[in-house]
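These protein sequence lines are chains W and V, in that order. Residues in the first sequence are numbered from 1 upward in steps of one, following my numbering. Residues in the second sequence are numbered from 1 upward in steps of one, following my numbering.
The set of hints was computed from the structure by calculation and includes no laboratory data. The model shown is predicted, which means the values in this text are computed figures rather than measured ones. Idealized CB from N, CA, C, for every residue including glycine. Where hints are given, some of them may not hold.
[Said to hold, decoys possible] Partner residues aside, some chain W positions facing chain V, computed with beta carbon under 10 Å: (1) Leu16; (2) Gly28; (3) Ala38; (4) Met58; (5) Asn89; (6) Ala91; (7) Lys105; (8) Lys122.
[What the hints assert, rightly or not] Dumping the calculated DSS-like pairs for lysine-lysine here, alpha-carbon to alpha-carbon at most 30 Å: (9) Lys282/V / Lys122/W; (10) Lys132/V / Lys72/W; (11) Lys71/W / Lys238/V; (12) Lys238/V / Lys22/W; (13) Lys71/W / Lys282/V.
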Amino acid sequence: MTRPIRLLIVDDEARLVETLSKRLTARGLYVEGVHSGADALALLQGKPFDVALLDVRMPGMDGLTTLREIKKLQPLLQVIMLSGNASINAAVEGMRLGASEYLLKPANIDDVLAKIEEAFHKKLIQEERLAAQHGPGA
Amino acid sequence: MTAATQGGAKASLWEPSRLLRRSILALLLTPPACLVFLGLAIFFWGPDRSEAFFVPLLAALILSTALGWPLAAKLRHQLAALARQRDAFYQELLRLSKSASLGEVASSIAHDLNNPLAIMREEAGWIQDLMKGGDLQGSHTQTEIANSLQQIDIQIERSREITRRLLQWGRDSAPRTETVDINLLLNKTLYLLESELETAGVTVAKDLPPDLPPVGGGAPELRQVFLNLMKNALDAMKARGGTMTLATRADAAGLTITIADTGPGIPASSLDHIFEPFYTTKPAGEGTGLGLPISRWIVEKLGGTIGVESKEGSGTSFHVTLPVQAKKDAPGP
Ligand SMILES: Nc1ncnc2c1ncn2[C@@H]1O[C@H](COP(=O)(O)OP(=O)(O)O)[C@@H](O)[C@H]1O
Ligand SMILES: [Mg+2]
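Here chain V stands alone, though its shape is the one from the complex (with noise of 0.2 Å):
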């Protein structure tokens, strides 16, 4: 076997045909030899010569040995390499998509800003045109520059309510050893595309049982996967308008959060890639068919599993499953 570069990191480490190559000439060696071996073995077979039996046996176990063990090591060794590169490849993806989904959520946030912000010119603009107009003491004059600013009062509540709501979004990221109240991050995550979901003619169904049992951690990375759900739900009943439901439900198996919208469904066709990284059936700048991939990964890193069925006509469900927070006399992180 050729000198084997130990230690890891080295770059021709990753070269993909050099891994083949080796692979292939120690896969074609090592029987050959084996069987080279184990034939002088039974050659020697015998009552009398039996203690030559054992010196090709040894050298068939020694040669399998050194070859397949290195080779063996080395696979493992790649698998963990491929899998570190993939789980970078997936947070630089997840990196991406919080600050593209934020960025919408922030246009969604200016637009439901920027109604308040209207209202409170014109009403401020009202207020100096009766002032340029003279008459200030008239009572009608009076009454309609008091309703101007009780509306002013009124809008800025209404634009508090909306800054309020965008603190929350980038406050709780609770570090992940914290455990995580499923339907209070629901209902957060609702919040932020409650006026997208009006606009669309969406009605939500909520089926959220209280007293569910909380999962271990990750808060900031779940409520990227329910806003990915309820975004694609949401933009498959942009059309025509229906009803998402968000359920939750503990059994055995543990905690399964199902998102699902009455919209036109998946293709069989489909079904098969939607978890792909960048298939989308969404137009450019609009799709970029990484919210599901991404929400796959979070899901596995955090124990649990992800599952869709869908009937085209019907709607499309979403199923999370996340293992749940063993009781209180877990040991502390």
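So here's chain W without its partners, still in its complex pose (with noise of 0.2 Å):
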């Protein structure tokens, strides 16, 4: 087995943070979660993530906005935007800004994992490419 999938959940919805993560840490995944932007950079500051399942619409700082600093921290980590309705502008900007995925609310948690281990895949896809282009000696 691969290390277990380091996964951030970012949503103002606490509780729908709290059950999701208990239900996606029963399934092997390490879970932190956060319920604002700001909340999410500073963890981010300081701690290196996989994957982020990010909230699009949020008080303070929305969802598309952290995605952009997101991006700025850990350009590798891989972001799923939820989005609570199925606005397809929201979707498309934030797949131009970097995302590598979208979710509808409410999400099937079986469709929950697949898009997590899938973005995980890309992540690590990338991570041997950069490796490569830096070479054996980096």
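Using the supplied hints, reconstruct the complex from the two chains, each of which is provided in its own coordinate frame.
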């Protein structure tokens, strides 16, 4: 087995973060949750993650702004946007800003897991490619 | 004068070039003809020929009436027809914008509803996870299950609140004859935008004194006006938050409703255009440029006025003044 996927959940719905964390932890992931974009950025300053589930609509810093800042802090972190309404605009904008996927609420846990794993593999490939570019000496 | 097409509804009446040609002809002909006859009247003026003086004068009068009166009637007719056409146009716009704003409201409510749904799904899923795990009797598992069930109940209550809001939106289409409690209507409209305002970091300040005189009818249309103005205020403050103020005041002029924001304001160069149909500074897909013209039309139909004050850099206030309903002894409709 590879190392556990390090997942960050960012959503202002505290209870959703809590229960989703429990369920994904039970499925073998390492999960942390925060309730705002600002908290997410503070955490990402000092701690690497593989994948983030990021709510689009939050009070304070919204999901798209958070996404932009996340990409500055950890460019390889794979972000999956979580949207409460089927607004294709936000999803498209998110993908343009570097999100790797999006999910609509209420999402099915199997879909969530599948997308997280997919995103994780994407990250591994990107890491390998980067390592190859920098050569064996790096 | 050419044979006038009386009887109103003919398509040719709408032909502006025809109307113009006819008006110009009549305008060109009337004054010289009258002058000729007046000239004759002056020529015949004198103590001996006093009776001859009346003939051309009469002719001048008859001619100007014959040419001018149908023309005036015609113009009046055309103006009334144009006003009818404009009303039909705005009615259609109103219908379209109502379904558009209902669509927006629906999308906002769908969003609000999807959050509790997502939580319920995870709670139910967590219970299933625990059941698959086997040990259902353990006290830890029992508390977990009880806790999740309680959470589902909390989220159902929350959802019910949201659907109630939606029902209220559809419900009060009170007939025009009923009076409207403006403060209540403002609060109900605000309710619809609450979560969007919160997300945008907009606080709401209310100055809604009780015991205002009611206004006479038009609740669904007025709600549309308030929704338009509040949405504009919200849009103006979306980028950096701010304060939206709702105020009502009754005085001799009637009942004045103020919806103000602390957004960027409207530049003087745009101020003249904001009530024009299709004038918008918002990106395509977000702005239609119909909110304000429709609002103005509705307010004027109800006998009121709408005005705007704006200062670049500090915000915008819209004022709607409506006539208040006369006291109880007003004759019934
Ligand atoms: N509160 C406001 N603050 C700043 N600008 C405003 C405000 N309300 C209206 N406007 C300006 O007036 C324009 C027309 O408004 P409206 O008729 O409601 O159409 P729309 O909102 O679809 O653009 C807006 O695009 C905007 O430029
Ligand atoms: Mg508008």
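These are the hints, each one checked on the structure:
Because the smallest distance between the Cβ of Leu16/W and any Cβ of chain V comes to about 5 Å, under 10 Å, the interface hint for this residue holds. At about 13 Å, the closest approach between the beta carbon of Gly28/W and any beta carbon in chain V exceeds 10 Å, and the interface hint on this residue is violated. Interface restraint check for Ala38/W: the shortest CB-CB distance to chain V comes to about 13 Å, outside 10 Å, so the restraint is violated. With 10 Å as the threshold, the beta carbon of Met58/W comes within range of chain V, its nearest partner Cβ sitting at about 7 Å, so the hint holds.
Look at Asn89/W: its Cβ gets to within about 7 Å of chain V, closer than 10 Å, so that hint holds up. Hint status for Ala91/W relative to chain V: violated, with the closest Cβ pair at about 13 Å, above 10 Å. Using the Cβ-Cβ criterion of 10 Å, the hint placing Lys105/W at the interface with chain V is satisfied: the shortest such distance is roughly 4 Å. Because the beta carbon of Lys122/W sits about 24 Å from the nearest beta carbon in chain V, more than 10 Å, this interface hint is broken.
Pair hint Lys282/V plus Lys122/W does not hold up; C-alpha atoms about 37 Å apart against a cutoff of 30 Å. With a C-alpha separation of about 41 Å, the suggested pair Lys132/V and Lys72/W falls outside the 30 Å cut-off, and the hint is violated. Restraint check for Lys71/W and Lys238/V: the C-alpha separation of about 23 Å stays at or below 30 Å, so the hint holds. For the given pair, Lys238/V sits about 35 Å from Lys22/W by alpha-carbon distance, which is inconsistent with the 30 Å threshold.
With a CA separation close to 28 Å, the supplied pair Lys71/W and Lys282/V stays within the 30 Å bound.
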